[in-house]
Amino acid sequence: MPPFLVRGDTIAALNTEFTKNNTIIMKKAILSTILATAALTATAQNPYLPLWEFIPDGEPYVFDDPDHPGKKRVYIYGSHDVLREYYCGRDQVVWSAPVDDLTQWRFDGVIFRLTHDRDGNLINKDGDVLYAPDVCETRDDSGRRVYYLYPNVQSDERGSAVARSYRPDGPFEVCNWSSDNPRRTVGPIAFDPAAFVDDDGRAYAYWGFGRSMACELDPATMATPKPGTSVVEDMITGFQDSVTFNKIYRFFEASSIRKIKDKYVFIYSRFTNEGEDGLPMSNYTLAYCYSNSPLGPWTYGGTLIDGRGKEHRPDGTTVATACPYGNTHGSICEINGKWWLFYHRQCGTTEYNRQAVVAPINVEVMEGQNGYVRISEAEFTSEGFKTEGLDPYQEYQAGIACYFTGPEGARQEYPYVHYSGSHSEVNYVFSKKEQVINQKWQSPANYPYEKIKSLPDPYDKKYSLCPMVNNTPGSVFGYKYYNFSLTYGKKNLSLLLDIVPEHGGTIDVFLDRPSEQEGGVLLASATVKSGAKPHTLTLATDRLQHYNGKHALFLRFRDGEKGKSVCRVNTLCFK
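Here the sequence shown is numbered in the numbering used here, starting from 10 and rising by one per residue.
Treat the hints with caution; some may be incorrect.
Simulated restraints on C-beta separations [what the hints assert, rightly or not]: (1) SER188 x GLU404: 54 to 60 angstroms; (2) GLU320 x ASN371: 16 to 22 angstroms; (3) ARG153 x GLY498: 45 to 51 angstroms; (4) PRO191 x ILE257: 30 to 36 angstroms; (5) SER503 x VAL71: 39 to 45 angstroms; (6) SER385 x PRO306: 47 to 53 angstroms; (7) GLY528 x GLU283: 28 to 34 angstroms; (8) HIS555 x ILE257: 32 to 38 angstroms; (9) ILE257 x GLY377: 22 to 28 angstroms; (10) ASP286 x ALA535: 34 to 40 angstroms; (11) PRO191 x GLY237: 24 to 30 angstroms; (12) GLU320 x GLU404: 37 to 43 angstroms; (13) ASP165 x GLU404: 29 to 35 angstroms.
Worth flagging that the hints you see were computed from the coordinates, not collected in a lab. In this text, a Cβ means the ideal position worked out from N, Cα and C, and glycines have one as well.
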């Protein structure tokens, strides 16, 4: 039995005994023996979680494994896109992996909900909506590790909520209730919180929407400003700044904080300027700035990722090669000496289905008062942790494509995106009939945890589905990058596409670039007949034997009826 199922069984305990911390800790300790010997399904490419799971706003942290002293795991704390027609959800869950194998992701269950007030009275049977959270670790007077969760509760009364646990995988309980009003929490911390405990034990919080706010925290509460200090307003200038008209920092949301050597790094969602880098204004970018002090002043560093998959063309133009609209939130983490950027991508045709993705980055720090932090801008790819490139012999869901464009681009009608061409399709873990029944999840009770925990393999393609759809003539979708060292010199290679024919047309397969005019190498072409039954389309790719190393792979569609999809593509692999 995969550990996923074992950990999934703790969900019922978390739901029914959420406030009985010691009981759950004992149950988790018992489970740890089983988890140590069970096998996990490996996954490494983007998105790195099962394709039915939607965890945006990921904050990665390396913490001690509470069940295996001396071992460490990386934990991903994010919001949970399960409401479908709104952002996020009414619970927060955690996934984790051992630091020495970032392909082995495990569902650790629900860590937080807020349904009852300080005195145990029901606030909302469904629970408050929870946006992007953050977590920090400190120690109590006895030296025991304590974890504080800043769950970003979307409530006027409880927006400043802070919750505490003695395990990184929870459960967390609110610890800053007001003494005057049992339904309220205290403190100034608000939208998109971030928290940080420095080497000297002093703690800080950051938050804001349009305006960047911060303060030093009282270590006794971890929720209110330290006595004698006050909130720092406009720590960096916002995107609507009308005082200095600063066009550099342009803070929007998504505060995150890290310390690297003697430098503090503040990461946030930045609203680009109109026409910047040849593209329209967007908040689909993560940026960073750095300082010698946790509260600034700050020096702008640059862009960490542009979720639009921006690409500079030889003619000097810049285009978006992925979803051109959306938001982003994430942070950086060093794992076994290697730095990673964790963020999310948009999936489907709304902003409410965001998936966790990752990219390698280079981080350079010069210490000292006049030092600096230089972080490379990450590339938007399908690789994920598989930095040597995708395995050609492995079958992948087509929807892991990082490149998808249409003949007439895309337009936004918020919160919807209307594509003229290829895009991924969202699929959930349950059946079509259940999708209709559960079209609006209004509470975690409707989220199918029981079905999820019973899955034989959460990464099985029977459940973890993500096809590429609306493949109209003139559309392209592709992958950066494949590791064709594995096929170098091999003869009789073929690309197998699992397709559902629609209006018919032709598929061309290119290496490196999506057309010969752009320098791409045409590997194969095949015709798709209109109305044919679903089948595996085999394209001979003999030319591939001459190419070594990492290369991008593209599928281009042509010759069909204008505006009509040639076919759906479910999976692809080489054989």
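Quiz prompt | In rising order, the numbers of the hints this structure does not comply with | solution = 3, 4, 6, 8, 12 and 13
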